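Chain A is fixed; fit chains B, C and D with the ligands onto it per the hints.
So you can see what is in the structure, the chains are spelled out below.
4 protein chains.
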Amino acid sequence: MEQQGDSLRHHCGVVGVHSANPDNIPEKLFYGLFALQHRGQESAGICYRKEIPEDGTGRFVTYKDLGMVSTVLSRYLEKPHPSTLGIGHVRYSTRGGNRLENAQPLAASCNKGSAAIAHNGNISNASALNARLSMDGSIFQSTSDTELILHMIARSRQPDFKSALIETLGELEGAFSMVMLHEDQLIAIRDPWGFRPLYIGFSDTITAVASETCALDMLKIRDFREVKPGEILYIDSSGVKSETFAPGTEPKRCVFELIYFARPDSLVFEESVHLTRKAMGAALAMDESAEADLVMPVPDSGNSAALGYAEQSGLPFEQGLTRNHYAGRSFILPTTSQRELAVRMKLHPVREVVRGKRIILVDDSLVRGTTSRILISLMREAGAKEVHLRLSAPEIKFPCYYGIDIPTRKELISNSLSPDGIAAHIGADSVKFLKIPRLMECLKDGEGYCYACFTGNYPVQPREV
Amino acid sequence: MEQQGDSLRHHCGVVGVHSANPDNIPEKLFYGLFALQHRGQESAGICYRKEIPEDGTGRFVTYKDLGMVSTVLSRYLEKPHPSTLGIGHVRYSTRGGNRLENAQPLAASCNKGSAAIAHNGNISNASALNARLSMDGSIFQSTSDTELILHMIARSRQPDFKSALIETLGELEGAFSMVMLHEDQLIAIRDPWGFRPLYIGFSDTITAVASETCALDMLKIRDFREVKPGEILYIDSSGVKSETFAPGTEPKRCVFELIYFARPDSLVFEESVHLTRKAMGAALAMDESAEADLVMPVPDSGNSAALGYAEQSGLPFEQGLTRNHYAGRSFILPTTSQRELAVRMKLHPVREVVRGKRIILVDDSLVRGTTSRILISLMREAGAKEVHLRLSAPEIKFPCYYGIDIPTRKELISNSLSPDGIAAHIGADSVKFLKIPRLMECLKDGEGYCYACFTGNYPVQPREV
Amino acid sequence: MEQQGDSLRHHCGVVGVHSANPDNIPEKLFYGLFALQHRGQESAGICYRKEIPEDGTGRFVTYKDLGMVSTVLSRYLEKPHPSTLGIGHVRYSTRGGNRLENAQPLAASCNKGSAAIAHNGNISNASALNARLSMDGSIFQSTSDTELILHMIARSRQPDFKSALIETLGELEGAFSMVMLHEDQLIAIRDPWGFRPLYIGFSDTITAVASETCALDMLKIRDFREVKPGEILYIDSSGVKSETFAPGTEPKRCVFELIYFARPDSLVFEESVHLTRKAMGAALAMDESAEADLVMPVPDSGNSAALGYAEQSGLPFEQGLTRNHYAGRSFILPTTSQRELAVRMKLHPVREVVRGKRIILVDDSLVRGTTSRILISLMREAGAKEVHLRLSAPEIKFPCYYGIDIPTRKELISNSLSPDGIAAHIGADSVKFLKIPRLMECLKDGEGYCYACFTGNYPVQPREV
Amino acid sequence: MEQQGDSLRHHCGVVGVHSANPDNIPEKLFYGLFALQHRGQESAGICYRKEIPEDGTGRFVTYKDLGMVSTVLSRYLEKPHPSTLGIGHVRYSTRGGNRLENAQPLAASCNKGSAAIAHNGNISNASALNARLSMDGSIFQSTSDTELILHMIARSRQPDFKSALIETLGELEGAFSMVMLHEDQLIAIRDPWGFRPLYIGFSDTITAVASETCALDMLKIRDFREVKPGEILYIDSSGVKSETFAPGTEPKRCVFELIYFARPDSLVFEESVHLTRKAMGAALAMDESAEADLVMPVPDSGNSAALGYAEQSGLPFEQGLTRNHYAGRSFILPTTSQRELAVRMKLHPVREVVRGKRIILVDDSLVRGTTSRILISLMREAGAKEVHLRLSAPEIKFPCYYGIDIPTRKELISNSLSPDGIAAHIGADSVKFLKIPRLMECLKDGEGYCYACFTGNYPVQPREV
Ligand SMILES: Nc1ncnc2c1ncn2[C@@H]1O[C@H](COP(=O)(O)OP(=O)(O)O)[C@@H](O)[C@H]1O
Ligand SMILES: Nc1ncnc2c1ncn2[C@@H]1O[C@H](COP(=O)(O)OP(=O)(O)O)[C@@H](O)[C@H]1O
Ligand SMILES: Nc1ncnc2c1ncn2[C@@H]1O[C@H](COP(=O)(O)OP(=O)(O)O)[C@@H](O)[C@H]1O
Ligand SMILES: Nc1ncnc2c1ncn2[C@@H]1O[C@H](COP(=O)(O)OP(=O)(O)O)[C@@H](O)[C@H]1O
Ligand code: SF4
Ligand code: SF4
Ligand code: SF4
Ligand code: SF4
Ligand SMILES: [Mg+2]
Ligand SMILES: [Mg+2]
Ligand SMILES: [Mg+2]
Ligand SMILES: [Mg+2]
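Taken in order, these protein sequences are the chains called A, B, C and D. Take 1 as the starting number for the first sequence in UniProt numbering and just add one per residue. Take 1 as the starting number for the second sequence in UniProt numbering and just add one per residue. Take 1 as the starting number for the third sequence in UniProt numbering and just add one per residue. Take 1 as the starting number for the fourth sequence in UniProt numbering and just add one per residue.
Just chain A, with the same shape it has in the complex (with noise of 0.2 angstroms):
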């Protein structure tokens, strides 16, 4: 149902753990891949070192498929597997298709050693990298980024995986928080612009890295930092090492993250989710000049950002759309035409709550616009009097490059029609963006944020050959 949904699509989310004594790796990797799956709902695959008891060894061995991680893993809950190290990985396709090819990790060897990866982001100069490694005689078998940076490690000059890894992370650009395992050793890279989030915590026995704060609560660690932007982390059993390999960029958090993708239960950026979506709804609330009975979220991604509107506001919030429990991914509509029965099967509004109601809907942000039409439609059956949408992000405009699969400029609504224009179109009374300083003044820092699907500045400049 979710593909004629109308929604940007999370990219991906990673986990890594590493364990001072052998331990069930793989369990701990569903637990922290289970939280995050709404990062990516299409494959999930995890490799880790199997311990080879006999020479005190081990082998990588690596479990990928298409489907959700509850389907693809739960064969690990079955019984231990002793491991001390490993990484896993939830993805939604973009560019790449649906193809299995392009499900992560990926385990390879080479000149030095056996390594993994799983890669949250986007290098947004690929293309010209992959160019210079294949007219150099590498072979591409998927058109992951993932399989790129192996490559580049196994042709760096370098005496060794580390150097090589320093020289390649030098020559990404665009975004990318990763983990690997190389050896013994797990390994978390965030790019130095901090696009995509990523933490490191520490409990008794673990050390884990996951891209949002509530995969490490599943795993009961409550001591964590943030991965700073730039930074690479080395865990092994002699500790964690951490460095730095580019000094001097300046950081450029997705603010999207916060406005829509990550739980609003977990920290990204040391910002709380949540309160951060509140303060948006809050600013909205401040800029508001319709008059309205109620405030509503579409739930669950208006929830927060409704909340905070609310507040702000002092009307009566109100859940007057239920978000069914069981619309997922299970099926799909044969026909376009059946669009409504899809937005039907997963919103449906309360009637008497609706009924004869001037009311405040708040969403997180519009795309093609379609959604809000089919969902607003319902309301007035309903019988609700009048509908503000309210959208917690501001127009978006522009692609991104940076590892969100947003639309093409044409199929954006904002780059058709003025809010007034939307309002029209898709039904509402009347419907208002977030304006970006008002954006900024929710963030700690607003100036460490890319805002470049709503105002075309590229942090990075995309590259594509």
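FYI, nobody ran anything at the bench for these hints, they're computed from the structure. Where hints are given, some of them may not hold.
Just some of the chain C residues that point at chain D, by a computed CB distance under 10 angstroms [claimed, not checked]: (1) Ser304; (2) Met345; (3) Ala382.
Only pairs whose alpha carbons sit at most 27 angstroms apart, straight line, appear in this in silico BS3-like list of lysine-lysine [as the list claims (entries may be wrong)]: (4) Lys385(B) / Lys346(B); (5) Lys228(A) / Lys162(A); (6) Lys432(B) / Lys346(B); (7) Lys50(C) / Lys220(C); (8) Lys220(D) / Lys385(C); (9) Lys220(B) / Lys385(A); (10) Lys228(A) / Lys241(A); (11) Lys385(D) / Lys220(C); (12) Lys79(B) / Lys79(D); (13) Lys79(A) / Lys346(B).
Interface residues of chain B toward chain C, partial, derived using beta-carbon atoms under 8 angstroms [stated by the list, open to error]: (14) Ala108; (15) Cys110; (16) Ser134; (17) Met135; (18) Ser138; (19) Ile139; (20) Gln141; (21) Leu150; (22) His151; (23) Ala154.
None of these values were measured; they are calculated from a predicted model. Each residue gets a CB set at the ideal place from its N, CA and C atoms; glycine is no exception.
Coordinates of chains B, C and D with the ligands only, in the frame set by chain A:
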């Protein structure tokens, strides 16, 4: 995961559709059942009358399997299955075990024609009837009430199906909201006490019957009414005929449908579920003595009541617990020592909301208390200063004989502990239940409800052999 | 693929096991059924009595599904299921359609206890019995004979199960080789005509009943004998008791079991299948007039007869057709125009053997002639000079009412064409069938067999309502 | 079950198809691979060039999975997939383990275009080549020879794909029969020694390449010839071009293809498999000294040789062992103590044939001897008086480096026991192997074959690093 859960079990949901003209009935049943998925997640099934164009007749086709609606029935979305009537069922198994034999609808042919039944409820004198039929030479392939009812109709000395059905209904005690197919007729029946909900609705082309109105909404039906307790409806191409088969019985609707089972966006018993729950929450607030900083629901069953509580109390409403979108039934955690993990996978605190706060935590009811105990420890871990648990149901102390699976009396925490004892046991600062008189005030016709699981006063005396 | 095949359909196979001491009965049933897989590939099932150690009782557990034995039942190989008795069934569906409702064994409880049946054959007066039971108020959830029999036992006025069973058997006409469970007893029954085979065997620890001896071999049973026509055997911890329930009936065994259905390494009807088939082949050779270079079977059903033909004729035996090991039921070729492809996927000539040769091609029987037509064209294509088709069965002209699925009279090629006409139609140089007197000479007791599908002389008059 | 078997492992089968006009290439690959299923049952895959009608180009689509052809690829039978070329592969895993990473075909893009390979054989200097490539910075995602070859082509300094391919082939040692796709060209290659078979065939509309002619037969191709050792064929819309890349090498075909691997109805190495096997059986008979009553094969691998033996010796040929039609890979018997059960499930004596007889039992070869031991005990149990085991292969004593998975020297029974010792060990009255000179006499060009697993004389020296 839910196996280890700690809620009452929804029993069943039913839907029936009749169309004036041949239509894709299985598809309509699919959408109706999809909306009722929360009433039973273990098996799904439909029975429809397949048109035989050659001779203008039809025959019943049944398809049912263990699994969710989208898995079991999505095959019916691919191509049209011309038909004019059908029924469907979702089920959570109770006594009968999780066996396919007990899945519904059940179709059979007998001396009064071909018939199929889907049933929600529990016949409280089933054992006695069973014994009698068995003595007379009936065989039982399942333990379901539907098989019993079909036997009784076949056995009846009445000359035709209709009079045999009426005779049979007269002998049934307990809860039964049913949809039936008999030849080219759809029949809807509700027991004289009206324990379980049932609605009938009409659009231009179809007449549909369903447990809750949310299923009728999926079929774009806006014109509906309750099937009355003791009412029987015959729906065929000549229209709808209503009869009453047990005049004079006092309605005793299951109050738990409103407290917990039904979807908040449904009407049941001519009440809005969401608004009734808000009223229950408000009623809880009226008797409050604790001082607190904010009100939070245990999502999603506590949502509406928490909103009502907040409005009544004037305390801020917060969403300090998130409910994982992907926590379903896809796998079973191997050991019960992992129960904590199961709760953690489903519910997770927003640390920044909870930290340092005195919290009113609102949920629907308390069964064993195990989930609440873990949940409160998660909230303490996240820094909550005080947690006051409020339940929008009274204390559950007795079994239900009308179709709800309540644990044994020994397992019900309210049979061994007072609210204070429970608070100590689960680590809450206080625990309070809604008082029955308060609960009755939330209902249009408080007297017309069953409260037996709280009081032990059974409106229909259970009869076990 | 076999859907488009052109053989008679095996009907069913049954197995039953009783063990003096608790044993892994489902595993034993698995192995027995695996050996009987050729008797039915569409569904498999078992019912066994699960020991309840707590109170020394047991209850029947049934598991059945559409699919092959190894798919449906391999779950039972993983761990022990302590039990002392059980029955199993493989099925090829006939009239009842390929529906799970008709899968066996069928278990039910009634006034005479709990019972389960697995049945091979066809009750030829089923419609009449059905009508009577229906009139008396029985309901039918399937179209299977097993449900009918259970109803009759339950309905019987006899005071106990055993006498009710005997009474019921007295009313059944047609073919029934059955295994039953009743409480802690395994019962084996064969109809008075002995249409379908049934054997009982004994090892130190178990007593087993099966359609063919190959299933007893799998259980390492060497000491066995035929269950006699009209015999009923009660097997429990006190031993085996035999009774005769229909003295005086003349046996009429299905000659087609020997011609085609049974496995060559089995005994049925106290005859070796392989040796009897060899005798049939030899008998064909006795009446031969064609000159030829070699004898070849259509594998595997023609193997034994071809060997017998070669020995008798003195012509060299060759294997000039291979039968693909992997041609099973795993997929269905979409269009019937692909029937040629289906034959090609299963049978393939060895060009170097066939080229330039005059060939006696031996198969068991001719039904529609479609496969033979394609097969002969493949042989011509491979260079065969002459192809003389010899069938070890007489011409099939009439339907069977005793459990074999024979196409309608119109579809049977021998009803429209003479052997010469068939030869012209399928492209053979000549076609000859085994004469009935010759066939009778191959059997120890030629008079004790049914030949109705060749002659139209039905030993038990079919009765349809 | 076969896991516990005791045969040599077939390695792989390949097929390639080029069509002048767009055709349903995946369907053709399906049928070809279906006929080659006996060459590998663990994974199946295809890669075809999907036509992009918009711009007249195409792109390679790969689909492969663990499982049988009918399971993995039947999806391609449902609707047409217009294409002009594709390749396919079935695989039995050897060193690489049963991992999907090693499944074929393998597709990749590189500086010389897009290419895909499916390969049958084993590169005996792979380790050395691997080491060199790795040193130069190549990464390895699998342990398959196909990945190696693609790397070498990409790495080559030659200016174009074709010359790079030729250069690469010049460096490969060992066995490789390959089909490749490069842009719109299908390429077929056979190593200079011709270890593994490969045929090319032509019909009006398509050109196809396959390991054995039985796959060409499925495609209704009658006009075919061997791809010659050291030949490379370029097939595209302009026709077929042949080149020789390693003139002067002496062919060393794998004699085991004729003894055991290939299907009896195939040609390989311009020899009829069935007739060659018959000759081997006859050769065994020439040196016979034992007196016997009959000759019997171990089906199906002993069939042809047993026939040849019987013809030569004048002894009657009998089918005294049946091979179960359904004994496949569908499940794994849990413990090795059940090996006897596994043999019993696959092979079963016809008691009436065997009893009291002195039997010449013919099979292809003896590896560990475990199966034969059980089999002979089953025959004794069935009453065989004498069992003389005859093998149509010489004694296997050495490993194979050219693509066949032979157990370690220690496990090969002929390394520890003489024929008489083996007879004693497995319970046979005598055991005899075919002598190498006799074997050579059965072949048109006895010198042109490899016999290394019998003699230790390796035609290409294996090189491990
Ligand atoms: N689509 C929906 N949206 C909101 N609430 C729902 C929906 N479907 C069912 N519910 C409500 O959810 C509650 C059950 O969900 P929840 O509390 O999360 O699970 P549990 O059954 O474990 O208590 C019920 O009270 C039901 O009324
Ligand atoms: N467990 C959760 N509880 C609440 N919100 C969640 C949870 N997981 C993800 N989210 C949030 O849900 C939103 C996506 O859900 P929703 O709006 O229902 O779907 P859609 O992706 O169609 O917009 C995101 O904003 C994400 O932050
Ligand atoms: N369709 C077929 N018909 C007859 N023989 C075949 C067929 N396919 C493969 N074979 C042969 O079967 C042999 C393998 O089968 P078999 O001996 O039964 O199994 P195993 O691999 O256990 O020895 C091979 O020699 C092969 O040539
Ligand atoms: N394991 C076996 N070995 C040899 N023959 C068998 C075996 N199992 C069944 N048969 C025989 O195989 C025949 C059916 O196989 P076959 O002729 O290949 O298929 P079809 O059913 O299409 O005619 C029957 O005659 C049966 O007796
Ligand atoms: S362009 Fe938009 S979505 Fe992409 S990183 Fe920047 S803020 Fe995030
Ligand atoms: S006993 Fe409780 S659960 Fe049962 S019907 Fe009455 S109120 Fe509902
Ligand atoms: S009619 Fe033919 S198939 Fe039927 S029982 Fe008689 S001999 Fe057998
Ligand atoms: S060593 Fe043996 S199996 Fe290997 S290629 Fe030579 S003959 Fe064939
Ligand atoms: Mg949303
Ligand atoms: Mg709840
Ligand atoms: Mg046959
Ligand atoms: Mg063999």
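Which of the listed hints are broken here? Those not satisfied: there are none.
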